[in-house]
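Here's the letter readout for the chains.
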Amino acid sequence: MTPVQALDFIRVLPEIVLASCAILVMVAEPFVSARHTAALAWVSLIGIVAAGAGNAWMRRFSGPAFGGSIAADPFASYFVYLLLLAAALTLLGSVRYLETNQVHHGEFYALLLLGTTGACLMVAATELIMIFIGLEISSISTYILAGFRRADKRSNEACLKYFLLGSFATAFLLYGIAFIYGLTGTTNLVQLSEKLSAPGARPPLLWIALILAFVGLGFKVSTVPFHIWTPDVYQGAPAPVTAFLSVAPKAAAFAVILRVFLGGLASAGALVFWLLWISALLTMCLGNLAALWQTNIKRLLAYSAIAHAGYVLVGMAAAKAAGPEAGEGIASVLFYLAAYALMNVAAFILVAHLAGAGERYQEADDCTGLAYQRPGVAACLTLLLVSLSGFPATAGFFAKFYVFRAAIHAHLIGLTLVAVLNSVVAVYYYLRVVVAMYMREGNPRASASPLPWPLGAALALSLVGIFYLGLFPTPFVRLANLAASPLP
Amino acid sequence: MVILFYIAAIVAILAALGVVLQKTPVYSALLLIVVLCSLAVIYLLLGAEFIAFIQVIVYAGAIMVLFVLVIMLLNARRETPGQGSRMARWLGGPLLVVFLAEIVLAAWRQFPGAASPPPLNAGPAAIGQLLFRSYVLPFEVTSILILVAILGAVVLAKKS
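Here the protein sequences come in this chain order: W and D. With my numbering, the residue at position 120 of the first sequence is 120, and numbering never jumps. With my numbering, the residue at position 79 of the second sequence is 79, and numbering never jumps.
I should point out that these hints are in silico values taken from the structure, not numbers from a laboratory. Quick caveat: nothing in here was measured; it's all calculated off a predicted structure. Any given hint might turn out to be false.
[Unchecked claim] Taking CB as the label site, the calculated pair distances span:
| no. | chain 1 | residue 1 | chain 2 | residue 2 | range |
| --- | --- | --- | --- | --- | --- |
| 1 | W | V4 | D | A125 | 36 to 42 Å |
| 2 | D | R109 | W | L482 | 53 to 59 Å |
| 3 | D | R86 | W | V4 | 15 to 21 Å |
| 4 | D | L74 | W | G63 | 19 to 25 Å |
| 5 | W | L471 | D | L100 | 38 to 44 Å |
| 6 | D | L131 | W | P324 | 35 to 41 Å |
[As the list claims (entries may be wrong)] A short list of chain D residues far from chain W (calculated; beta carbon distances all over 10 Å):
| no. | residue |
| --- | --- |
| 7 | I33 |
| 8 | I54 |
| 9 | Y59 |
| 10 | F99 |
| 11 | P124 |
| 12 | V154 |
| 13 | L156 |
Just so you know, even glycine gets a beta-carbon here, dropped at the ideal spot from N, CA and C.
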């Protein structure tokens, strides 16, 4: 094998930029006076934009790097953009939040950037050991971020619960990886796919390895029955952290599932398909039904996030069932995750603002009559919820449309029917919040202060994105198709 | 050789069971040292002397000292046994049996009779080649992981 070359470093440019920026923020923090801590946010934002520029420039140098540990391909590039977008929106949404809740800035931004670095490494990794380390970086950063409001009991609970269950799930993944290595003698996804597709290669314990790895990754994307932590952690974590948590590690774990289960281990066909099919069914139904009973907006959005993971799994099952024509299903998953990232981050950072200092007002009833006091804010939240429920003209509609279409093309009629019924049920709980804001009179307890401008900018950006995807999805679909194509 | 392997393997399994079943945290930690040492013996039998020594020095030496120190610092007493969930008993037990049976059966089918393992090339030079050539990126990126952990310890334990 050849020694490390300059090209290898170019192919991990976004990760290098992000990690360097995080270290810069961390080191600079003690030297920044208390009044100017917001400057650290702008430094971090510049770092994220620079990483995005690096990602764009890197496109000319695509290929595997560091002896096949990592690959710079369109698939990785797509997910890196998505993760950077989620990080940037979270950053904009958290500047004022940190001030009102008196949270330390420097470490928060540094951990946010490092968590994004870990997620970027996960999506680009083509080696199980690299995937594991990326996953650990992104998980440990988010465990800490979840406990950032140390004075708050629920935040402590979220941190501890997420940490304990998360470590347990990671152990499952590691056990699965150990089995895969023991059975095939390799951890590289490319070699793995070659070895397993060779005639007569059917290691006897492969199904255990598959299930163990799926449990570990299923926890990260909160599929039923590994979702139990999700509502408590999403509710207890600081709301901007929840915004990040519900998108970045989840999208990265979905990317890993695509790469591992539809790439490296693709030849273990039927078992993977049924794993995806069953968890899609359970996740959709349970997420949506449980969301019906929630009165707390953060918990409601947590169950809605579980349900959305179910729809993504429908797309994956479709890709698996389609066999050689998996491209359509994978592209629908990529499109869905982009739309989901825009909607969910924006919804959570808006809830962070509405909940006020100390996040006291999280109930749907706290928004009663908000539309009369703050029509702009109420309209924003309404649009986001409407998009999450999948109304036409918004990103949520085409996201669901493409997933369902891929599922029908793969002849998964039953699963598609359940998914459609589920999205009808979902309308009810999203609209309940809207009804509280518009139809009922009263004084909203939720914070009625005007939107701070960074949050406003983040919301404007996501709303533009949501309507762009909802009205002109074709160029973006082409992009998703391009990113989905190199996956075997 | 084979007898030595069986002794080390049985000691490792018994000690590992002890780690889980023991109610006093300090005993669990001490039993974990026994597990790590008997694994080191197995590595030695496989011809991986370097890994065996590292296992003893780093794990049984450095890391377990920290473990025991933290347990004593926290003054952890005997655990009070909890209720135990019913699901763990009725679902976990059978699953465990199925899981173990499958592994044993598969291992039996794949390696009938006593198979001697192929000679390993696991000297310091070979490991160095692996760490700094094939796996250089995971190796270097681990430093970010450690940085995150340090940052977390500072954030969560700092006096406000």
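Practice prompt. Kindly indicate which numbered hints from before are broken by the structure, ordering the numbers from low to high.
Written response: 1, 2, 3, 4, 5, 10, 12, 13
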